[in-house]
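Chains as they are written, first to last, in this note's numbering: chain A, 1 to 182; chain B, 183 to 274.
Please note that a few of the clues may not be correct.
[Unchecked claim] Below, computed lysine-lysine pairings styled on DSS-like, alpha-carbon distance capped at 27 Å:
id, chain 1, residue 1, chain 2, residue 2
1, A, LYS131, B, LYS191
2, B, LYS189, A, LYS131
3, B, LYS191, B, LYS249
4, A, LYS171, A, LYS84
5, A, LYS131, A, LYS58
6, A, LYS171, B, LYS249
7, A, LYS171, A, LYS140
8, A, LYS131, B, LYS187
9, A, LYS58, B, LYS249
10, A, LYS171, A, LYS131
11, B, LYS189, B, LYS249
12, A, LYS84, A, LYS131
13, A, LYS58, A, LYS84
[What the hints assert, rightly or not] Part of the chain A face toward chain B, derived, beta carbon under 8 Å:
id, residue
14, ASP65
15, GLY68
16, TRP147
These are computed hints drawn from the structure, not numbers from a lab. C-beta atoms are modelled at their ideal positions from N, C-alpha and C, and glycine is treated no differently.
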Amino acid sequence: MSSAIAIRGSGLAWDVDYQPVTDSSREIQRTWAQKRNYLQGSASDWLPLLEAAIRSIKDDCTIADWDGSGAIPVSIQTIGLTAKIVETLFTMLPRDTPAPDLIPEAEGEICISWSVDAGRLFSLSVGAHGKINFAGQLGKEGGIHAWQPIDATSRSTLEESLQDITRYVEKLYASTKARRAA
Amino acid sequence: MPRRKDKNKNARLETSVCRSQSLSDTQVWEICAAHFDLFAPTPAIGRGVGPASVVFDVDLGFDADGKPYPEHANIIGWYDSIDTPDDELKHY
Numbered sequence: 001m002s003s004a005i006a007i008r009g010s011g012l013a014w015d016v017d018y019q020p021v022t023d024s025s026r027e028i029q030r031t032w033a034q035k036r037n038y039l040q041g042s043a044s045d046w047l048p049l050l051e052a053a054i055r056s057i058k059d060d061c062t063i064a065d066w067d068g069s070g071a072i073p074v075s076i077q078t079i080g081l082t083a084k085i086v087e088t089l090f091t092m093l094p095r096d097t098p099a100p101d102l103i104p105e106a107e108g109e110i111c112i113s114w115s116v117d118a119g120r121l122f123s124l125s126v127g128a129h130g131k132i133n134f135a136g137q138l139g140k141e142g143g144i145h146a147w148q149p150i151d152a153t154s155r156s157t158l159e160e161s162l163q164d165i166t167r168y169v170e171k172l173y174a175s176t177k178a179r180r181a182a
Numbered sequence: 183m184p185r186r187k188d189k190n191k192n193a194r195l196e197t198s199v200c201r202s203q204s205l206s207d208t209q210v211w212e213i214c215a216a217h218f219d220l221f222a223p224t225p226a227i228g229r230g231v232g233p234a235s236v237v238f239d240v241d242l243g244f245d246a247d248g249k250p251y252p253e254h255a256n257i258i259g260w261y262d263s264i265d266t267p268d269d270e271l272k273h274y
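For reference, chain A alone in the conformation it holds in the complex (with noise of 0.2 Å):
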């Protein structure tokens, strides 16, 4: 296995143009990623708040007509690609992303949803269908909304099935850093 870790600035950081090539040496960029990103006790430290939320939809969401109006369970499966789908989106989104929000759906899918004003919110439903249905307002950059087949077999396949998702959120907060920066 080769790996390339290059420092930078006051820590250490994967190379940019460094690709893993091996199942292990992909597998030790996910750990990376994920540490970096796990900011413990601070806004980034999102995952833990998440991994709670969803296990309080397994707990109130699992029966048929949870909401009083007719809902259909979220299913188990439902929530396992949920929890895989956060998990990753932490991986793969740039650190100081806000955590979204976990909502339960009437039609037994949980919604991932991201806002930052009433012009710039993105959000994604996740079932168990096979794919994801998704929409945003990007501010100046207009709207979107379409849907995508999910591929979840393995942690390679499902991050090839968030990237177009990871562009939309990574859109969604580029004009808040911007304005932080300037």
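Let chain A serve as the given structure and place chain B on it in line with the hints.
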């Protein structure tokens, strides 16, 4: 967020809301107790409040049907297509 009455694909998409402008907090929770909590597995623990203008701003409207209580209304005008599955429609 919108759903069809009786899960019938031919029924319109609508979102059930309560017109609360002239109601006190207590009155809103009483409506909730009578028309929601009795049918839900657990009582409601919170509610969202917003001005009607946010609905009109996105070209949606209200059908103030007054059923099953006078302040009840449905948000209507959601994009719909008979050929598109509901799980895709909700993100239009």
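Each hint tested on the structure:
{"no.": "1", "hint": "A:LYS131 to B:LYS191", "in the structure": "holds, 21 Å"}
{"no.": "2", "hint": "B:LYS189 to A:LYS131", "in the structure": "holds, 21 Å"}
{"no.": "3", "hint": "B:LYS191 to B:LYS249", "in the structure": "holds, 21 Å"}
{"no.": "4", "hint": "A:LYS171 to A:LYS84", "in the structure": "holds, 22 Å"}
{"no.": "5", "hint": "A:LYS131 to A:LYS58", "in the structure": "holds, 21 Å"}
{"no.": "6", "hint": "A:LYS171 to B:LYS249", "in the structure": "violated, 43 Å"}
{"no.": "7", "hint": "A:LYS171 to A:LYS140", "in the structure": "holds, 10 Å"}
{"no.": "8", "hint": "A:LYS131 to B:LYS187", "in the structure": "holds, 25 Å"}
{"no.": "9", "hint": "A:LYS58 to B:LYS249", "in the structure": "violated, 32 Å"}
{"no.": "10", "hint": "A:LYS171 to A:LYS131", "in the structure": "holds, 22 Å"}
{"no.": "11", "hint": "B:LYS189 to B:LYS249", "in the structure": "holds, 18 Å"}
{"no.": "12", "hint": "A:LYS84 to A:LYS131", "in the structure": "holds, 14 Å"}
{"no.": "13", "hint": "A:LYS58 to A:LYS84", "in the structure": "holds, 15 Å"}
{"no.": "14", "hint": "ASP65", "in the structure": "holds, 7 Å"}
{"no.": "15", "hint": "GLY68", "in the structure": "holds, 3 Å"}
{"no.": "16", "hint": "TRP147", "in the structure": "holds, 5 Å"}
Hint compliance for this structure: hints 6, 9 are broken, all remaining hints hold.
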